[in-house]
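Student: Here is what each chain is made of, one letter per residue.
Protein chains: 2
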Amino acid sequence: MQKSFTTRTVTAIVCGVIATAGFAASHGGGENKSVEARHAMMQMIAYHTGILGGIAKGEMDYDSAMVDAAAMNIASLAAMDRATLWIEGTEQGAAADSRAKPEIWSDPEGFGAAFEKLETAASALVGASDAAAVGAGMGDLGGACKACHETYRGPEN
Amino acid sequence: MQKSFTTRTVTAIVCGVIATAGFAASHGGGENKSVEARHAMMQMIAYHTGILGGIAKGEMDYDSAMVDAAAMNIASLAAMDRATLWIEGTEQGAAADSRAKPEIWSDPEGFGAAFEKLETAASALVGASDAAAVGAGMGDLGGACKACHETYRGPEN
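Chains as they are written, first to last, in this note's numbering: chain E, 53 to 209; chain U, 53 to 209.
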């Protein structure tokens, strides 16, 4: 039976959109792709943290627009909905490349609180008016990352 | 001269946070890392678009929480501050792996409008109540991606 118009249209759109991103839309097999997606989130957080740290240390010129952008972007990333990213069955050992500890699923409130801590620390850096102010906020920012990793991230694979 | 307490603290925090992300905090050389970071953003958008497309096509069960999470996450990504991601001097040919066309910097209003189109299309999918409703919104979503790519993304490297 010929696929409906909607199915063919959606297929064409989705394939066209994601083809060059190398996303293999396997039948119902999205779990491992969730690991890749959350690692991408972490890479974006690390990138923006590096900008703030570079400015704090004087390795990059202080730039208020870059400070605000980096801080807001980290806060946005920390506030994202985790339902699509930490899918059941993707803990370390169950999904390739995953370092997710089972506590993520057994203690969702704690996991959520860790992200809120990151969001708060990042938001506090918006408007930091010079390198010293950025530096003053890095403690809470790095502390949020560290605390979450200690509890919810396993060893390197 | 010994580094100040602040510098040492910030260094320790930043290195500890980002070491396992493989982020090489080279002296002032963040430009190429911006390409990697925006590709991570695009990967996250593609991943979430794939979830919505999979649900629309019936390849994945309809799940309202997943639909809302995917739609909201795409909207959040589309709304991120681009100052840290599309840095001057990172167009295709100038930065490794970049496919960014110069129009991104010569037509920032147009580039911004393209992201607003994506944010609007994604936001419209929040609350889509069944697979058909998700399918109905995929046209605008895919159309936003396609339109931006046609104008601001160069050929594969």
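Any given hint might turn out to be false.
Calculated Cβ distances over 12 Å to all of chain U for the following chain E residues [unchecked claim]: (1) Gly102; (2) Gly145; (3) Lys153; (4) Glu155; (5) Ser158; (6) Ala165.
With the C-beta cut set under 10 Å, the calculated list includes, among others, these residues of chain E facing chain U [claimed, not checked]: (7) Ser86; (8) Tyr99; (9) Ile103; (10) Ala131; (11) Met132; (12) Ala135; (13) Ile139; (14) Asp159; (15) Glu161.
It should be emphasised that the hints constitute simulated quantities derived from the structure, not laboratory data.
Bear in mind that the values here come from a model prediction, so they are computed numbers and not experimental data.
Glycine included, C-beta positions come from ideal geometry on N, C-alpha and C.
Student: It remains to establish, for every hint, whether it holds in the given structure.
Tutor: Here is how each hint holds up against the structure:
1. Non-interface status of Gly102(E) relative to chain U is broken: a Cβ of that chain comes within 12 Å, the nearest being about 5 Å off.
2. The beta carbon of Gly145(E) sits about 18 Å from the closest Cβ of chain U, which is more than 12 Å, so the claim that it is off the interface holds.
3. With a least beta-carbon separation of about 15 Å from chain U, Lys153(E) lies farther than 12 Å from that chain, consistent with its non-interface assignment.
4. At roughly 18 Å from the closest C-beta of chain U, the C-beta of Glu155(E) stays outside 12 Å, upholding its exclusion from the interface.
5. Every C-beta of chain U lies more than 12 Å from that of Ser158(E), the closest at about 19 Å, which supports listing it as non-interface.
6. With a cut of 12 Å on Cβ distances, Ala165(E) stays outside the contact zone with chain U, its closest approach being about 18 Å.
7. Contact between Ser86(E) and chain U, as hinted, is supported at the beta carbon level, the nearest pair being about 7 Å apart and thus within 10 Å.
8. A least Cβ separation of about 4 Å between Tyr99(E) and chain U falls short of the 10 Å threshold, and the interface hint therefore holds.
9. Checking Ile103(E) against chain U: minimum C-beta separation of about 6 Å stays under 10 Å; hint holds.
10. Of the supplied interface hints, the one on Ala131(E) holds, with its beta-carbon coming within about 7 Å of a beta-carbon of chain U, less than 10 Å.
11. Hint status for Met132(E) relative to chain U: holds, with the closest Cβ pair at about 5 Å, below 10 Å.
12. At its closest, the beta carbon of Ala135(E) sits 4 Å from a beta carbon of chain U; the interface hint therefore holds under the 10 Å criterion.
13. Checking Ile139(E) against chain U: minimum C-beta separation of about 9 Å stays under 10 Å; hint holds.
14. Using the Cβ-Cβ criterion of 10 Å, the hint placing Asp159(E) at the interface with chain U is not satisfied: the shortest such distance is roughly 19 Å.
15. About 17 Å separates the beta-carbon of Glu161(E) from the nearest beta-carbon of chain U, more than 10 Å, and the hint is not met.
Of the hints listed earlier, those the structure fails to meet are numbers 1, 14, 15, in rising order.
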